[in-house]
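Model the full assembly from the supplied sequences, consistent with the hints where possible.
Number of protein chains: 2
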Amino acid sequence: MSEKIYVGVDIGGTAIKVGICNENGDLLQTYEGPTETDKGTDAILNNIAAYVRHIVSESPFQWEQVEGVGIGIAGFLDIPNGIMKFAPNLGLRNVPVRDRVQEALGKPVFINNDANVAALGEAWAGAGKGVSDCVCYTLGTGVGGGIIIDGKIVQGFAGMAGELGHMAIVPDLEAIQCGCGKMGCLETVSSATGIIKMAKDAVERGDRTSLTAVENIMAKDVFDAAKAGDEVAARIVNRAAFYLGKSMATVAIVLNPQRFIIGGGVSKAGDFLFDQIRDVFRKFTPDLIQEGVEIVPAQLGNNAGIVGAAGLVLRS
Amino acid sequence: MSEKIYVGVDIGGTAIKVGICNENGDLLQTYEGPTETDKGTDAILNNIAAYVRHIVSESPFQWEQVEGVGIGIAGFLDIPNGIMKFAPNLGLRNVPVRDRVQEALGKPVFINNDANVAALGEAWAGAGKGVSDCVCYTLGTGVGGGIIIDGKIVQGFAGMAGELGHMAIVPDLEAIQCGCGKMGCLETVSSATGIIKMAKDAVERGDRTSLTAVENIMAKDVFDAAKAGDEVAARIVNRAAFYLGKSMATVAIVLNPQRFIIGGGVSKAGDFLFDQIRDVFRKFTPDLIQEGVEIVPAQLGNNAGIVGAAGLVLRS
Numbered sequence: 001m002s003e004k005i006y007v008g009v010d011i012g013g014t015a016i017k018v019g020i021c022n023e024n025g026d027l028l029q030t031y032e033g034p035t036e037t038d039k040g041t042d043a044i045l046n047n048i049a050a051y052v053r054h055i056v057s058e059s060p061f062q063w064e065q066v067e068g069v070g071i072g073i074a075g076f077l078d079i080p081n082g083i084m085k086f087a088p089n090l091g092l093r094n095v096p097v098r099d100r101v102q103e104a105l106g107k108p109v110f111i112n113n114d115a116n117v118a119a120l121g122e123a124w125a126g127a128g129k130g131v132s133d134c135v136c137y138t139l140g141t142g143v144g145g146g147i148i149i150d151g152k153i154v155q156g157f158a159g160m161a162g163e164l165g166h167m168a169i170v171p172d173l174e175a176i177q178c179g180c181g182k183m184g185c186l187e188t189v190s191s192a193t194g195i196i197k198m199a200k201d202a203v204e205r206g207d208r209t210s211l212t213a214v215e216n217i218m219a220k221d222v223f224d225a226a227k228a229g230d231e232v233a234a235r236i237v238n239r240a241a242f243y244l245g246k247s248m249a250t251v252a253i254v255l256n257p258q259r260f261i262i263g264g265g266v267s268k269a270g271d272f273l274f275d276q277i278r279d280v281f282r283k284f285t286p287d288l289i290q291e292g293v294e295i296v297p298a299q300l301g302n303n304a305g306i307v308g309a310a311g312l313v314l315r316s
Numbered sequence: 001m002s003e004k005i006y007v008g009v010d011i012g013g014t015a016i017k018v019g020i021c022n023e024n025g026d027l028l029q030t031y032e033g034p035t036e037t038d039k040g041t042d043a044i045l046n047n048i049a050a051y052v053r054h055i056v057s058e059s060p061f062q063w064e065q066v067e068g069v070g071i072g073i074a075g076f077l078d079i080p081n082g083i084m085k086f087a088p089n090l091g092l093r094n095v096p097v098r099d100r101v102q103e104a105l106g107k108p109v110f111i112n113n114d115a116n117v118a119a120l121g122e123a124w125a126g127a128g129k130g131v132s133d134c135v136c137y138t139l140g141t142g143v144g145g146g147i148i149i150d151g152k153i154v155q156g157f158a159g160m161a162g163e164l165g166h167m168a169i170v171p172d173l174e175a176i177q178c179g180c181g182k183m184g185c186l187e188t189v190s191s192a193t194g195i196i197k198m199a200k201d202a203v204e205r206g207d208r209t210s211l212t213a214v215e216n217i218m219a220k221d222v223f224d225a226a227k228a229g230d231e232v233a234a235r236i237v238n239r240a241a242f243y244l245g246k247s248m249a250t251v252a253i254v255l256n257p258q259r260f261i262i263g264g265g266v267s268k269a270g271d272f273l274f275d276q277i278r279d280v281f282r283k284f285t286p287d288l289i290q291e292g293v294e295i296v297p298a299q300l301g302n303n304a305g306i307v308g309a310a311g312l313v314l315r316s
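Here the protein sequences come in this chain order: A and B.
Reminder that position 49 of the first sequence reads as 49 in UniProt numbering, one-by-one numbering, no gaps.
Reminder that position 289 of the second sequence reads as 289 in UniProt numbering, one-by-one numbering, no gaps.
Calculated directly from the structure, the hints in this document are not laboratory data.
Where hints are given, some of them may not hold.
As the list claims (entries may be wrong) - Partner residues aside, some chain A positions facing chain B, computed with beta carbon under 10 Å:
hint	residue
1	D150
2	M160
3	P171
4	D172
5	Q258
6	F274
7	D287
As the list claims (entries may be wrong) - List of simulated lysine-lysine pairs, BS3-like, C-alpha gap at most 30 Å:
hint	chain 1	residue 1	chain 2	residue 2
8	A	K152	B	K200
9	A	K220	A	K152
10	A	K85	B	K107
11	A	K129	B	K152
What the hints assert, rightly or not - Label pairs and their computed distance ranges (CB to CB):
hint	chain 1	residue 1	chain 2	residue 2	range
12	A	G292	B	Q299	35 to 41 Å
13	A	E32	B	D150	32 to 38 Å
14	B	N24	A	P80	50 to 56 Å
15	B	L28	A	P80	32 to 38 Å
16	B	N46	A	G151	22 to 28 Å
17	A	A43	B	G181	55 to 61 Å
Here a beta-carbon is modelled for each residue, glycine too, at the ideal position from N, C-alpha and C.
Here it is as structure tokens:
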């Protein structure tokens, strides 16, 4: 009974999810409670501690077996000091989250941002298990990223490493402005938002496409139309895949990781999307740098955040 | 007298340079002897060991103070096993260099490729001193690179990380083929070779430029002409700087390093070149990722290899 356990906490705007992992990253138990953002900072911090104590008390494990607690959270973090500088969706400002939870629990606490934590989860116990260097892309509303080298998150000087959605990858002539203010970012073409925009533009232009009949176009509609043979939709998917593959070729030159892991809603399009990405990656990457390198789907789904948070305890 | 010392070895085709560093990376003493490539593998390995013993015997230090020996070498290395798979300029094939030198000296030996080692030298004791995340560019015949994260070399899955000269950065319409077989690599425009080619092309096209009068154009001639107001030469320098700055913007998105260090012959053009690179970097990098980030010249010159090799002992 001396097995060590690792508790992961994934803090969202409405719910706090907690989970217990063993040293292999197997998720043994989960629990979820309300964040209660409206009740303020103290309530949120008390809830984190309460849910961690609760899940352990309901598990077959003893409190003494808890080796540490990891927290994944969205917002601008001062990671070395464990301070949340600003979390818009939680209303937190300059809160020493790490130290406050550590005091409440009497266990070592680690904190990192949600995208990095999800990447660590996949690298530790998901699609990157056993691989020391992985790069993760999350294709959702935007394009998120996380970089794992030697099994650990690459943080960057200002904690901004892995912002892969903002690689300026679309050539000037075709580039549109990104929400970040720069031109031609990857997420302007390869996120769900980018795919939907390209589809709506095509419909407005009067292109011959079955998407004209769709009321409120979603990324899935574009993939379904492309798979059914719609040429306009196929071109849009191809463009999203092209810039993803090209960005991976660039990342491969810089870091030569063994595995690229793609998660998020858009990645559910499966091999139809992945095969196109792989083709582009092969075309643009020097042979010695693509040998043995794989582009694979994420495996943990929404649990990547909890698992990765637990992984912070071992991989920090 | 219990100070520890670190011996660095820089193996070139004609000479083996060795140096003694203290724990701060200060280069205290150097020695250089012939490689004797023509005498074969055993002679080269014997020379390495002999020169290391020699420099220590001539120094004020005792053999017992040698903490370890690091080796930088050009070629295809199996770094985890310390085996030189193929070094074209030394004629080595499948030689367990690390273990053989370790046996000969009875000290821990570390080995890595020359570009990575030079980057480590600059990061440890040169232009990146005190900074944990640096990216180095070497602008010479090609464009070399080396990436240091948390003070250590990023190796990559196949030991190919940091091949920055082969980032596909020139857009398709303007791209030419690189020696690596791919199109539009950074080194086709930003290496000395690339700059010379652009200059020769301009002369052949009949562009109005003072370079027409130069017999055998070197990169320095192009910079001199550009500084003197030659518009054609200025455009060439601007293009070399543009793609360097753009590639740094991309690397910044991926890794968010604190410092970019540029060395090699072309970097001697100084602020005339650096200011243009900085402008492009500022333009293409999101604000949060460029804050506090510097682009600076390398400081150690040809000693980067020896110093970085010594650094392998502490930073492996």
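Outcome of the hint check:
no., hint, verdict
1, D150, "holds (8 Å)"
2, M160, "holds (4 Å)"
3, P171, "holds (5 Å)"
4, D172, "holds (8 Å)"
5, Q258, "holds (4 Å)"
6, F274, "violated (19 Å)"
7, D287, "holds (8 Å)"
8, K152/A with K200/B, "violated (47 Å)"
9, K220/A with K152/A, "violated (33 Å)"
10, K85/A with K107/B, "violated (48 Å)"
11, K129/A with K152/B, "holds (23 Å)"
12, G292/A with Q299/B: 35 to 41 Å, "holds (37 Å)"
13, E32/A with D150/B: 32 to 38 Å, "holds (35 Å)"
14, N24/B with P80/A: 50 to 56 Å, "violated (24 Å)"
15, L28/B with P80/A: 32 to 38 Å, "holds (34 Å)"
16, N46/B with G151/A: 22 to 28 Å, "violated (39 Å)"
17, A43/A with G181/B: 55 to 61 Å, "holds (60 Å)"
The structure shown violates the earlier hints numbered 6, 8, 9, 10, 14 and 16.
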